[in-house]
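J.: Here is how the chains run, residue by residue.
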Amino acid sequence: MATLTTADVQLSALPPATGHAGLRGVIASEFTKLRSVRSTYWTFAALVILSVGVAALIGFGVASNIHNNPQNAAGTDATQLSLGVFFELGQLIIAVIGAMIITSEYSNGMIRTSLTAMPRRGTVFLGKLIVLTSVTLVVSMVTSFLAFFAGQAALSGSGVAASLFHSTTIPANALVNGPNGPGSGPPSFTFQGTDVITAGHVLSAVVGTALFVTLAALIAFGLGSIIRHTAGAITSAIGLMFVLSIIIQLLPDTWRWDIMRFFPDAAGRVISVTIGSGNQHLWSAWPQLLVTVIWAAVLVGVGGYLFRKRDA
Amino acid sequence: MIEVRGLTKRYGAKVAVDDLTFSIESGQVTGFLGPNGAGKTTTMRCILGLDYPTKGSITVDGKVYGDLAYPMREVGALLEAKAVHGGRSAYNHLLCLAQTNSLPRRRVGEVLELVGLSDVAKKRSKGFSLGMSQRLGIAATLLGDPKVLMFDEPVNGLDPEGILWIRNLMKALAAEGRTVFVSSHLMSEMENTADHLIVIGRGRLIAASSMKDFVASASGASVRVRTPSADQLVRAVTAKGATTSTDDDGAIEVRGMSTEQIGDLAFSEGIRLHELTQVRASLEEAFMELTADSVEYRADAPGPHATTTIGSGV
Chain A
52 MATLTTADVQ
62 LSALPPATGH
72 AGLRGVIASE
82 FTKLRSVRST
92 YWTFAALVIL
102 SVGVAALIGF
112 GVASNIHNNP
122 QNAAGTDATQ
132 LSLGVFFELG
142 QLIIAVIGAM
152 IITSEYSNGM
162 IRTSLTAMPR
172 RGTVFLGKLI
182 VLTSVTLVVS
192 MVTSFLAFFA
202 GQAALSGSGV
212 AASLFHSTTI
222 PANALVNGPN
232 GPGSGPPSFT
242 FQGTDVITAG
252 HVLSAVVGTA
262 LFVTLAALIA
272 FGLGSIIRHT
282 AGAITSAIGL
292 MFVLSIIIQL
302 LPDTWRWDIM
312 RFFPDAAGRV
322 ISVTIGSGNQ
332 HLWSAWPQLL
342 VTVIWAAVLV
352 GVGGYLFRKR
362 DA
Chain B
6 MIEVRGLTKR
16 YGAKVAVDDL
26 TFSIESGQVT
36 GFLGPNGAGK
46 TTTMRCILGL
56 DYPTKGSITV
66 DGKVYGDLAY
76 PMREVGALLE
86 AKAVHGGRSA
96 YNHLLCLAQT
106 NSLPRRRVGE
116 VLELVGLSDV
126 AKKRSKGFSL
136 GMSQRLGIAA
146 TLLGDPKVLM
156 FDEPVNGLDP
166 EGILWIRNLM
176 KALAAEGRTV
186 FVSSHLMSEM
196 ENTADHLIVI
206 GRGRLIAASS
216 MKDFVASASG
226 ASVRVRTPSA
236 DQLVRAVTAK
246 GATTSTDDDG
256 AIEVRGMSTE
266 QIGDLAFSEG
276 IRLHELTQVR
286 ASLEEAFMEL
296 TADSVEYRAD
306 APGPHATTTI
316 GSGV
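Line order of the protein sequences matches chains A and B. Position in the first sequence counted from 1, then plus 51, gives you my numbering. Position in the second sequence counted from 1, then plus 5, gives you my numbering.
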């Protein structure tokens, strides 16, 4: 490499400074950071491909099952079938983005470069939060709709496909009559009752699931800024969203029914459901989502406080 | 001007910096010297607001670092060259820094050219050598055309060419009237570049003086003489008011007389001389002597201590 001195290149003069470095610059900077590393694209690609692809596969599978066993159409929550993978696995994948937007800066020391350039930490933290929230919200929302449409397209013709544009009516129950066995032919059955799924119900499931997944990213972000370690943050986010609910399953029923609604993952079980009266041990979709919001707010709040207070 | 007043920084029970007070004058190169673990990096981190002082205050042009309107226009600092996201290209790394201070995008290309990284601007910095990373870090410090530049051990691990490049760059930056604050644990790094020296050891200030004064105080000149008639020579020079001491290997060290004076005296007294050498403590030695008590981790069995060394291009 050639030896260079400053004499070789003339730097152009800077425009005079007015005001001070603030949130606008930080947001631009954080967006550049996010879009300039490949892991962002890999992670979001994994999220979209997995969520949409599996929603379609499940749709085909269920459609085929209903084709062979028409009685199974009863009570089929087509919306939930399409969103299930997105919120179960999507929250894990997006947790990686949420955690890494802060922990990757600690693992390579970039945080000290960033905070030297912009020492107002509250502004830096807020900028990260805004960029993370808006990007994950857009990606989650798009993924949620894509997964829904892919799943419903695969289910079309099965008679249970849900729609965002009109109400659909499906049989609530199937009563199987008569013998069911070799030589007796297919079972005869009669449908009983109907479930009416309104377009509004479907929309709130699709939107609510996207919000839930976005909140998972914020929970991971909060944990990331507290723990400042990628593996630790992702592990604890998975622990909070998955393992904890499994551990709770081990508790005596009377206890766990009372406490499970207070955990951040509970919303996932009701938010994508469009049929039935909900889970009797949980609140309904939006109040349950509020629980997740509170978890995210507390974790992000603690993370932001520590981000300002601790040595970088 | 950077002013550090009564800076104390504790990490748990360990005191990294202990009541440190000094100031860095504008428009000159200030060398920040101390053995490893003396607290140089900690002090720099405190100046930049990365670490919060336990006690004391630090101002940059009268302001706390965090209150500077556009920090990158005031101070360009490079503490760790590898403190970048390896998956990000050099260009994007600099761009995301420039954006925080609303610096124009064209500066990114310019500083990359300045440090000679234009060809690899789109390459991810993961594959950069230490020297290239160092250049990238320096490019970042120059983005905001700052009045003050801070480098922490900038030549550590560099090859001779890289070291030369950094030295020339520091001189050029100082020649442009910028303040340069550079740390090192090697005195030799400072000999040719620094105007002013701040020496610390174990977190405490040991010396703060201009390079000129430091050189003067360090050059306690003496003359080494070897002669078969040692007693006669000692008597002769002592009579002229010089002081002598005898080295382990039998050479006589004379203080207070020049080589010419001793040579003439020996000639007139008829004393045969086998050696007549001007001896000066190098700056490195002066520095080591100054910080000898404050080296944090010392090898248990140091080698025989050389009593004199020929001055190295002071």
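Honestly, the hints are just simulated from the structure, not real lab data. Because the structure is a prediction, the values reported are computed rather than measured. Each hint should be verified, as a subset may be incorrect.
EDC-like cross-link-like pairs, simulated, lysine to aspartate or glutamate; straight-line CA separation at most 20 Å [as the list claims (entries may be wrong)]:
id, chain 1, residue 1, chain 2, residue 2
1, B, 60, B, 72
2, B, 60, B, 118
3, B, 176, B, 150
4, B, 131, B, 85
5, B, 176, B, 269
6, B, 68, B, 79
7, B, 60, A, 304
8, B, 19, A, 362
9, B, 217, B, 166
10, B, 87, A, 128
11, A, 360, B, 72
12, B, 152, B, 72
J.: Hint by hint, note whether the structure agrees.
T.: Status of the hints after comparison with the structure:
{"no.": "1", "hint": "B:60 x B:72", "in the structure": "holds, 18 Å"}
{"no.": "2", "hint": "B:60 x B:118", "in the structure": "violated, 42 Å"}
{"no.": "3", "hint": "B:176 x B:150", "in the structure": "holds, 16 Å"}
{"no.": "4", "hint": "B:131 x B:85", "in the structure": "holds, 15 Å"}
{"no.": "5", "hint": "B:176 x B:269", "in the structure": "violated, 43 Å"}
{"no.": "6", "hint": "B:68 x B:79", "in the structure": "holds, 11 Å"}
{"no.": "7", "hint": "B:60 x A:304", "in the structure": "violated, 54 Å"}
{"no.": "8", "hint": "B:19 x A:362", "in the structure": "holds, 15 Å"}
{"no.": "9", "hint": "B:217 x B:166", "in the structure": "violated, 27 Å"}
{"no.": "10", "hint": "B:87 x A:128", "in the structure": "violated, 52 Å"}
{"no.": "11", "hint": "A:360 x B:72", "in the structure": "holds, 16 Å"}
{"no.": "12", "hint": "B:152 x B:72", "in the structure": "holds, 16 Å"}
Going through the hint list in order, the structure does not satisfy hints 2, 5, 7, 9, 10.
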